[in-house]
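A.B. asks: Sequences listed follow chains C and E, in order.
Mapping the first sequence onto the working numbering, position 170 (from 1) lands on 170, and the numbers just tick up by one.
Convert by adding 1000 to the 1-based position in the second sequence; the result is the number in the working numbering.
Be aware that one or more of the hints could be misleading.
[What the hints assert, rightly or not] Pulled a few chain E residues facing chain C out of the computed Cβ check, cut under 7 Å:
id, residue
1, 1009
2, 1010
3, 1012
4, 1013
5, 1016
6, 1017
7, 1021
8, 1179
9, 1182
10, 1211
11, 1212
12, 1215
13, 1304
Honestly, the hints are just simulated from the structure, not real lab data.
Even for Gly, the Cβ is constructed at its ideal location relative to N, Cα and C.
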Amino acid sequence: MTAEFPNPGGRHGVGGRPPVQHPAAEPALLVVWFLLCGWMDVRALFLVLLVTTSDYLISARLASASRTRARLLLLSTSVSIDIGLLLIWRAAGVFPGLADLLNGAPFSASGTVKALVPVGLGFFTLRSLGLVIDVYRGVAVPCAAWIRYASFLCFFPAFVAGPISRGNQLLPQLQGGIGLRWNGFVGGSSIFVQGLAKKMLIADRLATIVDPVFASPGLYPPLTVAAGILAYSLQIYCDFAGYSDMAIGAARVLGIDLPRNFDMPYVATDIAEFWHRWHITLSTWLRDYVFLPIAYVGSRWAEELGLSRQRGELLNYAVASVLTMLLAGLWHGSGWGFLLWGGAHGLALATHRVWRGAGGRKRQMPSWLGWALTFMFVSLSWVPFRAASVGDAGDIYGSLLGLGTQRTYEWFPSWFPICAGAVLLGHLATLWITHPRPTLMPAMASGLMKTLGLTVEHRQFAGAYLVPTRVTVPGTYFIVLFILSTLLFAPSKVGPFVYAAF
Amino acid sequence: MRVAKPLLAPALGLALSLLTLEGVSRSYFNYRSIRDPVLGSVVAAGHTFRSRIEGSGVGYHEDHGVRRAPDLGPRSGARILCVGDSYTEAHQVSDDEVYTTLVERSLDRSGMPAAVLNIGRSGLSVADYVVNSQAFKEATSPTWTVVQIHDLDFYSDTWQTSKTHFRRRCSACPIEAVRIAPVPDDTVRRTMRWLRNQSALVGFGMHRWQELAGVSRRNSQPSGAEEHATATLASTVDFPVTEELRMLARAYDGRLTLLLLGRFDPAHPGRDTDEEAVITRAARELGISLACSKDEYPALAQKGIAPHGFPNTSLNSGHMNAAGHAAAARVLTRELLRLHAEGRI
């Protein structure tokens, strides 16, 4: 666990306004969410009730069980249920017969095979399993009430696509009570709008470039295919980071802090740093519950095999990285493309570690070169992740190298440089205003923020966001311009969130 | 004053941001409309329609919403009326690129001076061209008419009852065109039009609202509803293409050319769709002049150019780009010159 624990009371006291809070808020929200969830995808409701009830009972029993065997049996049961559910639905992606069965009565809302994965399945199973493992390890206490456990699992802003909050992050805050606070409302709305703009203005616009290129890569010249691949790198970031911002903003309106999920991943200068910045809640979950246990077992084996400390450490890291990332690939989906993506990242992490050397030796390369290699690798690795099949991914790589067999057509998307420029500008601005050390023109930055009536809320747990502190003419000007531009210039076709499918 | 002071900053900020967006909207999406007694809402004479939503186009309009480049000037010869949908209206390209301008210039260079009058309107169907033929003729006094069509225009498109459409009362009855009366020009509409004409931002906002409402309506339709409706229609009406074509030809006294804008298949650019083949055959049987843009597609494909799509949208999607208009202009010019040589125009 790297993130600091939030202090929910700390930020709401400004202005001395008490929160609008009611003891019935938590059950009321839960009931509303169950109804909404049932309406969206009745299978998800069924599964979330199953996971909530089984894991709630198992974690309660774990806390009281003293015998190691009994505790292991309870943990195995929970792992089997949670991972089993995930595996069944992932397998349905490979076996159409199973997909038909899973989408049939009584689980199916629509009776179609389109909505294959129940909403939020990948996320609430990890949340629940994490809590059970924490109780098993003795680092968390089980929930006293089923309703609290259900609230933790179904906390609606994070239900569909995370962030995957841990029990000791969210449960104490739920204990403190859900309620509307003025400061939380202003800050939360601001964060929500920033996420909405990422999604609607950039991600959905980039989708209009990505979709045709990935649908028929052979039609386009290499430069357009390269733009399509880079556009997907930016689209998936803006789409997912946009969702995470919206979830964090919506939660903050209710006085709850969710952990940050992204920290400018495309500024990473090596692949390990990328995974410290990308989908942080998943990468830390995988590190704590998959990588470290594998590495622990691996180190025991290395000792038994009599390998030297340095060699054992390297081998252990490489094996654990590859296995963990393969599992991360499988978590995203059952296709070979996801496995390829996970395997490539696992190998890249292992290669990076070997190159840097174990122990004391620490090789470095120029940061610009590290950045370029990392960004290129990450972008190219998105191809099998996004392509409909491994064959299609091969076609895309072929077209990128100009090896396509079809006749190509002239087309270069004019929105690509605009969207890429917006992301770059956003990254640079964030680096400028959130840099912990004195930066270039610090007085200018603080003066600008003061004029706009904005401040950077920079917290280790939830990340850095621009939030308004007072109403000013320039501040209102930019906020209204931002909101209206999102409404006017976003594409009319709003695509689903990419990660809602996982 | 005590109440007004805290509101001053947000009000000023709001006003400045609206002013900025007004300036942006004027170059992004802007036009001035009037209510024409014959044709309904049209772009006001002497004004331009500017749009950068799909492609980038500026179109100058004359009386009755006729689009014609301002530098073309009056012509003494034939008056060729081009009716069609948004592909002829062509807000995605500029006056110099739209096929009607290119045809007029080509005809002039070939020694056949003619004024080509573009009266394309978004959303019109073949039934509209039939029902409105008299109004079109009265407004523009053409000597020849070009009707722009697509492969599905004689099929599902013109049998949709939500707009002006064809119907057949009984299996033995001839088909008839049913006009859906336009929405009356009440005070609310007049006020909205006035507001839109004052502010490009209001106009753009209204356009966005309609666009998003349209997307929302389409999303809320039960899946497969449209296909089911079309399938039902197909089994009962069976799309009498020849009869529809005959009715269209009669509406323009037989003095018309069909401009068929073919569907572009990058893998087989010259191959007709089934519907295109049926229309071509029916037009030949009825002796109706026809020009098909598909004749130019293999040459375009050879150069790696698709006739549809723009840098700010997607390749081969949406409306015709400048290359598509040029291809349409080439086939239409050839056909009009042939008719001229035969003495029919």
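A.B. asks: Would the hint on residue 1211/E be counted as holding, given a Cβ-Cβ threshold of 7 Å to chain C?
C.D. replies: holds (5 Å)
A.B. asks: How about residue 1009/E: closest beta carbon in chain C under 7 Å, or not?
C.D. replies: holds (5 Å)
A.B. asks: Can we keep the residue 1215/E interface hint, with Cβ of chain C closer than 7 Å?
C.D. replies: holds (5 Å)
A.B. asks: Regarding the hint that residue 1010/E lies at the interface with chain C, is the smallest CB-CB distance below 7 Å?
C.D. replies: Status holds, d = 5 Å.
A.B. asks: Let me know if the C-beta of residue 1212/E comes in closer than 7 Å to any C-beta of chain C, holds or violated.
C.D. replies: holds (6 Å)
A.B. asks: Interface hint check: residue 1304/E, Cβ to nearest Cβ on chain C, cutoff 7 Å. Holds or violated?
C.D. replies: holds (5 Å)
A.B. asks: Return the status of the interface hint for residue 1012/E: holds when the least beta-carbon distance to chain C is below 7 Å, violated otherwise.
C.D. replies: holds (5 Å)
A.B. asks: Against chain C, with CB atoms and a cut of 7 Å, does the hint on residue 1017/E hold up?
C.D. replies: Constraint on residue 1017/E satisfied, holds at 4 Å.
A.B. asks: Close enough to count: is the Cβ of residue 1182/E nearer than 7 Å to one in chain C?
C.D. replies: Violated, about 25 Å.
A.B. asks: Can you verify the interface hint for residue 1021/E: is its Cβ closer than 7 Å to any Cβ in chain C?
C.D. replies: The hint holds - residue 1021/E has a Cβ within 7 Å of chain C, the shortest such distance being about 6 Å.
A.B. asks: Please verify that hint: residue 1013/E, Cβ, nearest Cβ of chain C, below 7 Å or not.
C.D. replies: holds (3 Å)
A.B. asks: Holds or violated: the hint that residue 1179/E contacts chain C, with Cβ atoms closer than 7 Å.
C.D. replies: violated (29 Å)
Hint compliance for this structure: hints 8 and 9 are not met, and every other hint is.
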